[in-house]
Amino acid sequence: MILIDLQKAFDTIDHDILLQKLSVLNFSSHSIKWFKSYLSDRTFQVSLEESLSIPGKLRCGVPQGSILGPLIFLLYVNDMPMAINKCELFLYADDSCLVFQHKNVKEIKKVLTDEFKDLCEWFVDNKLSIHFGEDKTKSILFAPKGKSKKLDPLDITYGDIKIMQHSKVSYLGCILDENLNGESMALNVIRKINMRLMFLYRKNKFLTPPLRRMLCNALIQPHFDYACTAWYPNLNQNLLKKLQIMQNKCIRFCLQLDNRSHIGEAQFRTINWLPVSIRVNQISNVYVFKHFANKTPVYMKELFETVEGTNVRTRNSFLKLRQPSVKTNFGKKALFYTAPALWNKLSCDLKQNKSVNSFKHAIKRNLFEKLLDMKEKDIYLF
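Each residue of the sequence shown is one higher than the one before, counting from 1 in the working numbering.
Certain hints may be false.
[As the list claims (entries may be wrong)] Listed below are the simulated DSS-like cross-link pairs for lysine-lysine, each with C-alpha atoms no more than 27 Å apart in a straight line:
id	residue 1	residue 2
1	K332	K242
2	K103	K162
3	K127	K117
4	K242	K364
5	K301	K86
6	K57	K86
7	K242	K301
8	K147	K320
9	K106	K86
10	K136	K150
11	K345	K301
12	K320	K295
13	K57	K8
14	K290	K345
15	K149	K106
16	K138	K127
Note that these hints are calculated values from the structure, not bench results.
Starting from the given sequences, assemble the full structure and let the hints guide the process.
Structural data, given as structure tokens:
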């Protein structure tokens with residue numbers, strides 16, 4: 001993977017090129033005139049201490065902080081994938097990355113180098129500039145843990161510029177290790193939760209029990225949840241234990257318990273939280289429910305395959321997913337494999353909830369009921 005960083009992406013959009021692209025995208029002439037009016041005759045000034053510069057004419061870029069800004073940028077880069085042939089190009093606003101998969105590192109290097117060169121030419125043609133700083137545009141080579149240390153480095157160049165290879169990278173707030181084991185992401189989550197919990201303890205005397213729980217839900221729970229189905233299943237037992245310990249600490253804070261207090265099924269019910277591992281299962285099931293409700297983006301729909309004929313409402317075969325065939329343990333931990341296994345075990349009544357919100361509450365009640373049937377040692381880690 002090559003992660004591409006653009007310099008001042010929103011500030012360097014060429015207005016003439018943008019209007020030409022709108023025309024190619026079949027925007028009406030009235031719409032194009034409106035965009036031209038919206039972007040033209042804008043000025044800017046520079047403030048330094050108490051001095052203000054003479055207004056300068058803004059000849060490129062889109063207004064920062066505007067609702068239309070990100071949309072205009074997406075329209076501007078909409079044809080970027082046409083510049084490449086063999087690689088996949090992932091786009092999210094101005095964050096983009098080039099991905100190619102192969103068993104031979106030399107082939108990966110060759111294809112990525114060629115495709116990156118073509119992409120750079122597209123950037124030049126569209127008057128966008130890549131930031132080639134050491135920690136900006138960079139590469140990473142993903143491989144199984146036993147093989148990664150034996151592989152040749154991924155030496156990708158563009159002219160005289162060498163793209164630095166990293167052992168871990170951050171993409172859209174998720175830290176990716178070269179082995180995709182989720183370790184760096186988990187450690188980052190633990191660090192952030194610890195910092196926020198320490199902050200809340202310092203303000204403890206001002207907080208009521210409902211406010212403590214609300215703050216934990218707002219400031220801490222999102223770190224447990226973010227992209228958890230991607231990084232959590234691959235963690236080793238030590239990190240799984242540490243994550244559960246952090247959640248237990250949060251529960252002790254919310255319930256005003258001392259540091260040695262036992263955290264069990266009763267405490268989870270009181271705070272109305274599921275243990276971390278069970279929470280991940282809940283989120284996986286919600287993804288599948290959204291899939292059947294047609295509320296997932298295209299890239300999520302491609303993960304799951306519905307068994308033909310399961311839309312017929314029979315008790316045994318209602319809304320089922322096909323279990324894919326995988327050969328590796330790594331594959332068996334991926335969402336496309338684990339989610340169908342969890343979903344197919346759910347009752348028809350659960351699957352027939354009318355909204356995403358009602359399903360979230362129903363599946364949570366269902367998972368709480370199952371806590372009593374599980375051994376404590378399999379759930380609660382201290």
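Hints, verified against the model:
Restraint check for K332 and K242: satisfied, since their Cα atoms lie roughly 23 Å apart, inside the 27 Å limit. At roughly 23 Å between alpha-carbon atoms, K103 and K162 fall within 27 Å of each other, so this suggested pair holds. At roughly 15 Å between alpha-carbon atoms, K127 and K117 fall within 27 Å of each other, so this suggested pair holds. Of the pairs offered as hints, the one joining K242 and K364 holds, with about 23 Å between alpha carbons and a cut-off of 27 Å not exceeded.
A threshold of 27 Å between alpha carbons decides the hint, and for K301 with K86 the separation of about 23 Å falls inside it, so the pair holds. Pair hint K57 plus K86 does not hold up; C-alpha atoms about 41 Å apart against a cutoff of 27 Å. Between the alpha carbons of K242 and K301 the distance comes to roughly 33 Å, so the proposed pair goes past 27 Å and is violated. Between K147 and K320 the CA atoms are separated by roughly 37 Å; this puts the pair beyond 27 Å, and the hint is violated.
The suggested pairing of K106 with K86 holds, with an alpha-carbon distance near 15 Å, which does not exceed 27 Å. A threshold of 27 Å between alpha carbons decides the hint, and for K136 with K150 the separation of about 26 Å falls inside it, so the pair holds. Note on K345 and K301: the hinted pairing holds, with a Cα-Cα distance of about 20 Å set against a maximum of 27 Å. The hinted pair formed by K320 and K295 meets the criterion: a straight-line CA distance of about 17 Å does not exceed 27 Å.
Taking the CA atoms of K57 and K8, the gap is about 18 Å. The hint holds against a cut of 27 Å. The suggested pairing of K290 with K345 holds, with an alpha-carbon distance near 17 Å, which does not exceed 27 Å. A C-alpha spacing of about 16 Å is found between K149 and K106, which places the hinted pair at or below 27 Å, so the restraint holds. Between K138 and K127 the CA atoms are separated by roughly 21 Å; this keeps the pair inside 27 Å, and the hint holds.
Comparing the model with each numbered hint stated earlier shows that hints 6, 7, 8 do not hold.
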